[in-house]
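Participant: Single-letter residue listing:
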Amino acid sequence: MSSTSSIADIKLNRRSFVLGSLVLGAASPLVLSACSSSNTGGSSGGGGGGGTINWLTWSDHYSQDQLAKVASSTKITGHPKLFSDNADAFLQLKQTGPQFDQVSADALWVKKYMESGLIQPFDLSSIEASSELYSMAKKFDFLNDPKGAIGYPFSWSTVQIYYNPAKVKTPPTSWDSLTDPQYKGLIVAENIPTDLMAIAGIATGSKSPYAQAPDQISSASNFLGSLKPNIVKLASQNNEIVSMMASGEAAIGISNLGTDIRVKNAGGPEIQAAYPPEGTIGFIDSEMITAKGNNSALVKPFLNAMQRSEFIVENFTTNWRPLFNEKAAKALTADPKTAEAAKRLYMTDPERALTMTLKGPAQDQQAYTEAFNRVFGA
Amino acid sequence: MTAASTASDVGAPPGKSVRRRADVKRERRDWRQFVGFAPAAILFGVFFIAPLCLIVVYSFWETKNYELVPAFTTKNYHTIITTSTYVKTFIKTVIMALLATIATLALAFPLCYWLVRYVPKKLQRVLFLLVILPFWTSYLLRVYAWVAILGDKGAINSLLKFLGLTHEPIRLFLYDNPGVFIVLVYLYFPFAALTLYASLERFNWRLLHAAVDLGASPMRAIATTLLPQMRLAMVTAGIFVFIPILGEYLAPAAIGGTNGVMMGNLVANFFSGYLLPLGSAASVLIALVILIVLILFRHSLDTKDIYG
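Residue numbers (the working numbering), protein chains in the order written: chain X, 1 to 378; chain Z, 1 to 308.
There's no promise every hint is true.
Said to hold, decoys possible - Result set (DSS-like, lysine-lysine): computed pairs, CA atoms no more than 27 Å apart in a straight line:
| # | chain 1 | residue 1 | chain 2 | residue 2 |
| --- | --- | --- | --- | --- |
| 1 | X | K184 | Z | K92 |
| 2 | X | K147 | X | K94 |
| 3 | X | K111 | Z | K64 |
| 4 | X | K138 | X | K111 |
| 5 | Z | K88 | X | K184 |
| 6 | X | K169 | X | K228 |
Stated by the list, open to error - Some residues of chain Z that are not near chain X, with every Cβ distance over 12 Å (derived):
| # | residue |
| --- | --- |
| 7 | M96 |
| 8 | K121 |
| 9 | L130 |
| 10 | F203 |
Said to hold, decoys possible - Ranges between beta-carbon positions, derived for each pair:
| # | chain 1 | residue 1 | chain 2 | residue 2 | range |
| --- | --- | --- | --- | --- | --- |
| 11 | Z | A148 | X | T317 | 58 to 68 Å |
| 12 | Z | V56 | X | S131 | 50 to 60 Å |
| 13 | X | G49 | Z | F48 | 48 to 58 Å |
| 14 | X | E115 | Z | T74 | 26 to 36 Å |
| 15 | X | N239 | Z | I102 | 30 to 40 Å |
| 16 | X | Q92 | Z | L98 | 32 to 42 Å |
| 17 | X | A334 | Z | A148 | 54 to 64 Å |
| 18 | X | Q64 | Z | V56 | 39 to 49 Å |
| 19 | Z | T83 | X | S131 | 17 to 27 Å |
| 20 | Z | A38 | X | N265 | 48 to 58 Å |
| 21 | Z | I290 | X | M136 | 21 to 31 Å |
| 22 | Z | L294 | X | S218 | 34 to 44 Å |
Think of the hints as simulated: they come from the structure by calculation, not from any bench.
For clarity, every value in this text was computed on a predicted model and none was experimentally measured.
We put the CB at the ideal spot given by N, CA and C, even for glycine.
All chains, please: the whole structure from these sequences, using the hints.
Facilitator: Below is the structure:
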């Protein structure tokens, strides 16, 4: 062998390569956590200065233009990361620890976050924009704790049936009617197993759709089994329901308030709503401050800027489901262009939010997801 | 330095100790050369082996009230193996992957054969560029492009309407298994084509001519000279296509509707529903199928047989 070693001299066999990789693989969590903790006291700073907020949320909670304006005025840049299912966000926050500073959740999920120590209470009145909220919205018991507010109320909606009268000869009138074979391949719904199981629970007579007993889960599962041939697709996001109804690929959608306007705005047909007499589920969503977020001190000034009525008006005229900002509601009803929609979509009637079954964690998440997957597998 | 050489140095005359020190120094230098493999080892270890180990560990845990409980249990595997829907979905996924792989190879082989044999070298590159052109766009876009092509207001329906063949949109394959099949073949075709082209380009065509000269029919000549030498490329291309299809999520989710569900979609539902252990068990079972495939074809991946 010459004095100059060549790469060919290295006896690196498969075993030693895999062994080396294993060692590196095992060491990587330690290195990454060290990097993460060194970042804790990091550059983003406290409440006084600017910085970045990592935010787990839905796409209808912000617009890029709004984030840019807020970043310009507060020097706080919101970095949204999207999720579809509450359970998914809950899992992500639990697994990532201090990486997220703010998280959005539906109604009863907020208590679950608090019980799990994932969020921190705060003084709602210290956020100036909260003075624009309906007073009833500040008092939701599921958004409050003895230590303070645990969620900043944002928007709400019932989940009902929308149908295209041009394609559906006999309009659906209830959840149960959706299983009629005449609707074969016409329905689109969001792929949220817990919520679809809850809707199935309501359809089969359950009084507690998120806490169904095994026999009720079985009935709900049978209902979904009857509904499956009529469902053309389970959409990954709500806006996919809108696009499918606009393109005519689906004639019936299980969706939020305002879907009719969004479909029309997307170049689709006139569609109509049917409110199921069995009742329905719905969301009251809110913003929460995480307990361990690296930059959670920035959340209050960020919320203060994001929740201003001018942005809420924009949000309503984009997503067309009611929000809890009273000042925005007054502005919308004062404008002839939006007054009719604001009234029809309950922007001025937040009390109605309490008539629906609120979304929350399933009592037995495993049973719900498994029952759902058994129906929607091959 | 080997163990044998170290042993031979024991009790050697003083002059030998100089060489031993040189060996030790060289050995150290050799270890420094391993640094060159660090990027690959880090990539392999951090992004493949560590997550895989984590998934295997999770698959033996359970969830209780949105908490991961590290209790050793085989319940998750039992649930998947004994639930008919999961078994059916699993079998369907393997069959879909198998059929899509066969179709991809069957389409890619004649194309590459034609390119290499009948197209001038310069033009070959241009044409082959067209094959890999889809790689320039995002995977997500490539999948959703098919919704636009097959959809009610898509290219096919618009054409049919323009030609006066239909008045109402017809649903061609979209939101069903055939649509998933078509999109999977489209998505993975370049992988197969690239592999087969590289192999065909190096084939000694005189062997084929010799076989024909000796009286073999063209098909027999191909079967006895070309195909045996293509075996490695075929198996490699098959593996490149089959393995990712087994774990496909997006194509069945976007194109398949409720009929086109594959195992990846169920795994996604398990994970988003906080059922990490069940999702992990399903993922491990998919990985096992891949392992079995690799074991079955390990001899076909041996280059010694081909090149003597």
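Participant: All the hints need checking, so say for each whether the structure fits it.
Facilitator: Hints, verified against the model:
{"no.": "1", "hint": "X:K184 <-> Z:K92", "result": "holds (23 Å)"}
{"no.": "2", "hint": "X:K147 <-> X:K94", "result": "holds (22 Å)"}
{"no.": "3", "hint": "X:K111 <-> Z:K64", "result": "holds (17 Å)"}
{"no.": "4", "hint": "X:K138 <-> X:K111", "result": "holds (15 Å)"}
{"no.": "5", "hint": "Z:K88 <-> X:K184", "result": "holds (23 Å)"}
{"no.": "6", "hint": "X:K169 <-> X:K228", "result": "holds (20 Å)"}
{"no.": "7", "hint": "M96", "result": "violated (9 Å)"}
{"no.": "8", "hint": "K121", "result": "holds (32 Å)"}
{"no.": "9", "hint": "L130", "result": "holds (30 Å)"}
{"no.": "10", "hint": "F203", "result": "holds (28 Å)"}
{"no.": "11", "hint": "Z:A148 <-> X:T317: 58 to 68 Å", "result": "violated (28 Å)"}
{"no.": "12", "hint": "Z:V56 <-> X:S131: 50 to 60 Å", "result": "holds (53 Å)"}
{"no.": "13", "hint": "X:G49 <-> Z:F48: 48 to 58 Å", "result": "violated (40 Å)"}
{"no.": "14", "hint": "X:E115 <-> Z:T74: 26 to 36 Å", "result": "holds (30 Å)"}
{"no.": "15", "hint": "X:N239 <-> Z:I102: 30 to 40 Å", "result": "holds (37 Å)"}
{"no.": "16", "hint": "X:Q92 <-> Z:L98: 32 to 42 Å", "result": "holds (34 Å)"}
{"no.": "17", "hint": "X:A334 <-> Z:A148: 54 to 64 Å", "result": "violated (41 Å)"}
{"no.": "18", "hint": "X:Q64 <-> Z:V56: 39 to 49 Å", "result": "holds (40 Å)"}
{"no.": "19", "hint": "Z:T83 <-> X:S131: 17 to 27 Å", "result": "violated (53 Å)"}
{"no.": "20", "hint": "Z:A38 <-> X:N265: 48 to 58 Å", "result": "holds (53 Å)"}
{"no.": "21", "hint": "Z:I290 <-> X:M136: 21 to 31 Å", "result": "violated (56 Å)"}
{"no.": "22", "hint": "Z:L294 <-> X:S218: 34 to 44 Å", "result": "holds (41 Å)"}
In this structure, the hints that do not hold are numbers 7, 11, 13, 17, 19, 21, in rising order.
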